[in-house]
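Colleague: Sequence:
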Amino acid sequence: MKWVGAILVLIAATWVGFDLSRRLQQRPKQIRQLISSLQVMEAEILYSQTSIIETSDNLAKQIPQPAAAFFRSLSDKLLLHPVDLYDCWEETTESWIGTTALKPSEKDVWLQFGRTLGQHDFEQQQKHIQLARTHLERELEESEEANQRYGKMIRNLGFLTGLLIVLLLI
Numbered sequence: 001m002k003w004v005g006a007i008l009v010l011i012a013a014t015w016v017g018f019d020l021s022r023r024l025q026q027r028p029k030q031i032r033q034l035i036s037s038l039q040v041m042e043a044e045i046l047y048s049q050t051s052i053i054e055t056s057d058n059l060a061k062q063i064p065q066p067a068a069a070f071f072r073s074l075s076d077k078l079l080l081h082p083v084d085l086y087d088c089w090e091e092t093t094e095s096w097i098g099t100t101a102l103k104p105s106e107k108d109v110w111l112q113f114g115r116t117l118g119q120h121d122f123e124q125q126q127k128h129i130q131l132a133r134t135h136l137e138r139e140l141e142e143s144e145e146a147n148q149r150y151g152k153m154i155r156n157l158g159f160l161t162g163l164l165i166v167l168l169l170i
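Start counting the sequence shown at 1; every next residue gets the next number (the working numbering).
Quick caveat, the hints were computed from the structure, so don't treat them as lab data.
Watch out, some of these pointers could steer you wrong.
Below are the DSSO-like pairs computed for lysine-lysine, each with C-alpha atoms no more than 27 Å apart in a straight line [to be verified]:
1) K152 / K103
2) K77 / K107
3) K77 / K127
4) K127 / K103
5) K61 / K29
6) K61 / K77
7) K61 / K127
8) K29 / K107
9) K103 / K29
10) K29 / K77
11) K152 / K107
12) K107 / K61
I would like the entire structure built from these sequences, with the hints used as guidance.
Modeller: Take a look at the structure:
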């Protein structure tokens, strides 16, 4: 019975290490999704002059999850309250960010971009989109570096922590 418990503790600690490592690996992918959504948004808003509701709806169909969930939710909220773009953007971001591997720095960039969305002419809007992309690209580089540096270590640390707990309990 003692061995079954020891094996369960070891498996649980290893699983936690792998789960933390997986979240570290997902972060660069999700930042890339945000960057590509900004590129699509730039094309749709500036060149096609599509409304933000249509743009959000199109992005929800084009971008993979979890970014698609953000744009689907934003589109739905904007249909209900079309005059409150930033309020809808902020509310959607707050509820969506917890389902992602994104950090507060990406959330801040995303909220800052949402604050400028629809507030300026096309030229200024394009500058804000490029600024947000630049910030997200910087975050992408940092997240890829962190993934390479800490990903394997976190997996091993989970296993070793489980092993230490098992040794202390036996």
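Colleague: Confirm or reject each hint.
Modeller: To see whether the hints hold, each was checked on the structure:
Note on K152 and K103: the hinted pairing holds, with a Cα-Cα distance of about 20 Å set against a maximum of 27 Å. At roughly 19 Å between alpha-carbon atoms, K77 and K107 fall within 27 Å of each other, so this suggested pair holds. For the hint pairing K77 with K127, the CA-to-CA distance comes to about 26 Å; that is within 27 Å, so the pair holds. About 24 Å separates the Cα atoms of K127 and K103, which keeps this hinted pair within 27 Å; it holds.
Proximity of K61 to K29 is assessed by CA-CA distance (about 18 Å); at most 27 Å being required, the pair is judged to hold. Taking the CA atoms of K61 and K77, the gap is about 16 Å. The hint holds against a cut of 27 Å. A hinted pair counts as satisfied when its Cα atoms are at most 27 Å apart, and K61 with K127 qualifies at roughly 25 Å. Pair hint K29 plus K107 holds up; C-alpha atoms about 15 Å apart against a cutoff of 27 Å.
For the hint pairing K103 with K29, the CA-to-CA distance comes to about 13 Å; that is within 27 Å, so the pair holds. With a CA separation close to 26 Å, the supplied pair K29 and K77 stays within the 27 Å bound. For the suggested pair K152 and K107, the alpha carbons sit about 26 Å apart, so the restraint of at most 27 Å is met. Of the pairs offered as hints, the one joining K107 and K61 holds, with about 22 Å between alpha carbons and a cut-off of 27 Å not exceeded.
Consistency with the previously given hints is maintained throughout, with no hint failing.
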